[in-house]
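Sequence lines, in order, name chains U and B.
For the first sequence, our numbering begins at 1 and goes up steadily by one.
For the second sequence, our numbering begins at 1 and goes up steadily by one.
Worth double-checking, as some hints may not be accurate.
To be verified - With a cut-off of at most 20 Å between alpha-carbon atoms, the simulated EDC-like pairs for lysine to aspartate or glutamate come out as follows:
1. Lys70/U x Glu49/B
2. Lys344/U x Glu50/B
3. Lys350/U x Asp258/U
4. Lys196/U x Glu321/U
5. Lys70/U x Glu50/B
6. Lys456/U x Glu203/U
If you are wondering where the hints come from, they were derived from the structure by calculation, not from laboratory data.
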Amino acid sequence: MSNREIHDRLARRYEHGFETAIETDIVPPGLDESVIRLISEKKEEPEWLTEWRLKAYRHWLSMEEPRWAKLRIEPIDYQAISYYAAPQQKKRPRSLEEVDPKLLQTFERLGVPLHERARLAGVAVDAVFDSVSVATTFKEELAAAGVIFCSFSEAVREHPELVRKYLGTVVPYTDNFFAALNSAVFSDGSFVYVPKGVRCPLELSTYFRINARDTGQFERTLIICEEGAYVSYLEGCTAPMRDENQLHAAVVELIALDEAEIKYSTVQNWYPGDEEGRGGIYNFVTKRGDCRGRRSRISWTQVETGSAITWKYPSCILRGEESSGEFHSVALTHHRQQADTGTKMIHIGKRTRSKIVSKGISAGHGQNTYRGLVRVLPTAEGARNHTQCDSLLIGSHCGAHTFPYIEVRNPTAIVEHEATTSRISEEQLFYCRSRGIDEENAVALIVDGFCRQVFKELPMEFAIEAKKLLELSLEGAVG
Amino acid sequence: MIAPLLQGFLDEFERLEAAMPGYEQAWLRQLRRDRLDAFVTSGLPGRREEAWKYTPLKGLEQRAFALPRGSALPPPLPPPLDAVRHRLVFVDGRFAPESSRLPADAEIEFLPLSEVFRNHDAAARFRIARLMGSGEDALDHLNAALATDGLLLRVPAGRSVREPVHLVYLGSKQSSGRAWHLRGLIELEGGARLRIVEHFYDGGEEAELSSVINEIQLAADAELELVRFQDMGARSILLSRTRLQVEARGRLRITAIDRGGELVRSEWLTTLRGREAHGDIAGVARLRGRQHADQVVEVRHLERDTSAEVRFRGVAEDQSRAVFTGTLHVAPGASGAETRLSSRNLLLSPQAEVDTRPVLEIHHDEVVAAHGATVGQLDPEALFYLRSRGFSETMARAILIGAFLEEISIRLPEPRFAEWVSSRMGLDHPLPWGGEKT
Numbered sequence: 001m002s003n004r005e006i007h008d009r010l011a012r013r014y015e016h017g018f019e020t021a022i023e024t025d026i027v028p029p030g031l032d033e034s035v036i037r038l039i040s041e042k043k044e045e046p047e048w049l050t051e052w053r054l055k056a057y058r059h060w061l062s063m064e065e066p067r068w069a070k071l072r073i074e075p076i077d078y079q080a081i082s083y084y085a086a087p088q089q090k091k092r093p094r095s096l097e098e099v100d101p102k103l104l105q106t107f108e109r110l111g112v113p114l115h116e117r118a119r120l121a122g123v124a125v126d127a128v129f130d131s132v133s134v135a136t137t138f139k140e141e142l143a144a145a146g147v148i149f150c151s152f153s154e155a156v157r158e159h160p161e162l163v164r165k166y167l168g169t170v171v172p173y174t175d176n177f178f179a180a181l182n183s184a185v186f187s188d189g190s191f192v193y194v195p196k197g198v199r200c201p202l203e204l205s206t207y208f209r210i211n212a213r214d215t216g217q218f219e220r221t222l223i224i225c226e227e228g229a230y231v232s233y234l235e236g237c238t239a240p241m242r243d244e245n246q247l248h249a250a251v252v253e254l255i256a257l258d259e260a261e262i263k264y265s266t267v268q269n270w271y272p273g274d275e276e277g278r279g280g281i282y283n284f285v286t287k288r289g290d291c292r293g294r295r296s297r298i299s300w301t302q303v304e305t306g307s308a309i310t311w312k313y314p315s316c317i318l319r320g321e322e323s324s325g326e327f328h329s330v331a332l333t334h335h336r337q338q339a340d341t342g343t344k345m346i347h348i349g350k351r352t353r354s355k356i357v358s359k360g361i362s363a364g365h366g367q368n369t370y371r372g373l374v375r376v377l378p379t380a381e382g383a384r385n386h387t388q389c390d391s392l393l394i395g396s397h398c399g400a401h402t403f404p405y406i407e408v409r410n411p412t413a414i415v416e417h418e419a420t421t422s423r424i425s426e427e428q429l430f431y432c433r434s435r436g437i438d439e440e441n442a443v444a445l446i447v448d449g450f451c452r453q454v455f456k457e458l459p460m461e462f463a464i465e466a467k468k469l470l471e472l473s474l475e476g477a478v479g
Numbered sequence: 001m002i003a004p005l006l007q008g009f010l011d012e013f014e015r016l017e018a019a020m021p022g023y024e025q026a027w028l029r030q031l032r033r034d035r036l037d038a039f040v041t042s043g044l045p046g047r048r049e050e051a052w053k054y055t056p057l058k059g060l061e062q063r064a065f066a067l068p069r070g071s072a073l074p075p076p077l078p079p080p081l082d083a084v085r086h087r088l089v090f091v092d093g094r095f096a097p098e099s100s101r102l103p104a105d106a107e108i109e110f111l112p113l114s115e116v117f118r119n120h121d122a123a124a125r126f127r128i129a130r131l132m133g134s135g136e137d138a139l140d141h142l143n144a145a146l147a148t149d150g151l152l153l154r155v156p157a158g159r160s161v162r163e164p165v166h167l168v169y170l171g172s173k174q175s176s177g178r179a180w181h182l183r184g185l186i187e188l189e190g191g192a193r194l195r196i197v198e199h200f201y202d203g204g205e206e207a208e209l210s211s212v213i214n215e216i217q218l219a220a221d222a223e224l225e226l227v228r229f230q231d232m233g234a235r236s237i238l239l240s241r242t243r244l245q246v247e248a249r250g251r252l253r254i255t256a257i258d259r260g261g262e263l264v265r266s267e268w269l270t271t272l273r274g275r276e277a278h279g280d281i282a283g284v285a286r287l288r289g290r291q292h293a294d295q296v297v298e299v300r301h302l303e304r305d306t307s308a309e310v311r312f313r314g315v316a317e318d319q320s321r322a323v324f325t326g327t328l329h330v331a332p333g334a335s336g337a338e339t340r341l342s343s344r345n346l347l348l349s350p351q352a353e354v355d356t357r358p359v360l361e362i363h364h365d366e367v368v369a370a371h372g373a374t375v376g377q378l379d380p381e382a383l384f385y386l387r388s389r390g391f392s393e394t395m396a397r398a399i400l401i402g403a404f405l406e407e408i409s410i411r412l413p414e415p416r417f418a419e420w421v422s423s424r425m426g427l428d429h430p431l432p433w434g435g436e437k438t
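Build the full structure now, drawing on both the sequences and the hints.
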């Protein structure tokens, strides 16, 4: 392949790098109490929420940026970020027909099914553009089942009692630096409530898009599953290509009551920056699930291919007896991307179980770190954990690191951890090539095999998307 | 206000500085003062320091320790040690020539550090200045400022020392609240071979703080086997750090047993610097009562075709806490490196705790790297089987614990030492470190 071709392919690599020209209602950069009041006011929030935001902001001021991750981060100027950007619309759209066609086109280009054809896919979608939710589909169908699926702002207006009861109970605003910042300035996100005994009839999906320049996206997602309920939730994310870094600091809280089950899947494809590491999203996210009820289950699945820096640890607090937590992850870093990701499993209840499968792929100058904590408290009689984390290195300039922390305080617990590091071997490649598969496809094949264990946890449409994404992201990694 | 421990060391240093060996050397005087300053500035590490997360020492700052004065009478050595041919004994942080034995035909060059402090040529000064200047955390500072003795040991090129050299680190415990510090350098020149057996124990149950920092350098083709048996008293605090550098084709084999002490940190920081250098590091922590042991192993692969195998086993009973951190690091360009680590632990009491951190840092693709860690308990079925064959609960547990540790314990070189180690542990049956105290 000629250099030119390679260049072209690399440039094409990030297909979602376009920008939509749309009028945006944007708050000037900077952060102080008045900005927070303004955001709150724009969103017509009740007094208690404004106060909560302000408390979080004041707490944030007293905190320092964490430095412990194995990441090189350019200093972030929090005063240079605009904390609120919304596509300008005359009034709130009542149905999909009233949404700005430009916006719809954008989501069309991204392959997000907002229209009727989505029915075939069986997915209900909430689309978040910059800071606000622009459209949620299939509301009526969901409402018939008793499921609430709407934007976070709408939930604050329509179901304040639920929001107030659960907001910040899993990730308090004091939790960490970025969670505090999010609590102060979060703009929108999704809200899901599945009542007792209901199995959500559709897969729920949120699509996040950062469009405006110099903005940060701070969404907040809250999912509550009552006794015996089930929901599967997917999120996807993209952003335009830009030379400067943009901050994305989200908070996700999951609450599972007795025998409830939440499956949360992420395909993260924020703009990763170019080959030299210019630009890209800083993806600093706090995700935590609380298995409050007995026999409740929370499962995180993530495919992380985008972002300049990914820093997230979707966690499970296993409080209920016999509750279980799972974490399945594929994280890919190419060029100058960095990822420090993993999970925390906190075993509190009796006979709680957790399973961790992490697959890290590093190529180019990418740095990929798995960091995980398994903590078994004295109350967690008979707790069980198994962790497997494998790393795949492609090329000799990348790095793969594993930092597991295992803390056991109950003698009836069994905790096992294993990790391996390997590379795509010459033999594997030779074998494929001798069968007529070219190098690029051979790598894709081997990587797909390496990730299979995680992909099978994803809903089918997402699994296909994830596989495609990985192939695209790895273009130019060998040869 | 400055913490009692820091103030205590400052005062002691003030009082005893002029009596420290090498005080007349301006460079050494300055170095000690600088390092003491650095120590007082940093203080002991706390929970927020990643490397000390599970073994914060901040609490120790509220206690004060005195430096040893005069020379203590060494307690009699236990019989197996009495019989050995080569032995170097340090009592309360000082070399004890009257208890030591190193015949001239041993083919080893030995000098106590205190002697070299007083009297050295330019070349020796360079060596010891480097030794005293190395390291940059609180423990390195403290030790460099206050260590007044230690060993300088060299095996000349091509020599193979047949008899093992026993290094005995002993606290006399003649008074309570003492602190002693030792620093040493062991050099194996090209192709040299040496066996070392380190013993840490003390003569009583008084509170004591000690730090021992040794640097060990293996030149090309050198081979070292090192066994440590640490059995300090129930109120002893031991902070030990061994830095090992291995050049091309050098081979290192370490077996470290931590059994005693109230609070013990043992660090084995290994750098495989030359091609095909090999490190094999294994250890056991066998803890009871309120003991806390933190074993740290780091292997840095800098060159091609280096290899390492790390295996540690922890057994925590009563209210004890076994901590392990094992880091395998492969530098860019270290093609063909092979590195493996396993940390397996038995947690045998509801009040005990095991914390283990196996870390991989891999910066090159052509490597084989793997680690595994487990925490569990004795297999109830195996226990039941032994009970059904008439073994008492105690004995059955002892057998299973012994079996769990056997992979490491069989590495002990001489049977008479293996037996002695068992007896030091208060065992009345031959299984090493198996049973309950009788």
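Hints, verified against the model:
Between the alpha carbons of Lys70/U and Glu49/B the distance comes to roughly 14 Å, so the proposed pair stays at or under 20 Å and holds. Of the pairs offered as hints, the one joining Lys344/U and Glu50/B holds, with about 17 Å between alpha carbons and a cut-off of 20 Å not exceeded. Proximity of Lys350/U to Asp258/U is assessed by CA-CA distance (about 14 Å); at most 20 Å being required, the pair is judged to hold. Simply put, Lys196/U and Glu321/U have alpha-carbon atoms about 19 Å apart, close enough for the 20 Å limit, and the pair holds.
Our distance criterion of 20 Å between C-alpha atoms is met by Lys70/U and Glu50/B, whose separation comes to about 12 Å. With a CA separation close to 16 Å, the supplied pair Lys456/U and Glu203/U stays within the 20 Å bound.
In this structure, none of the earlier numbered hints is contradicted; all agree with it.
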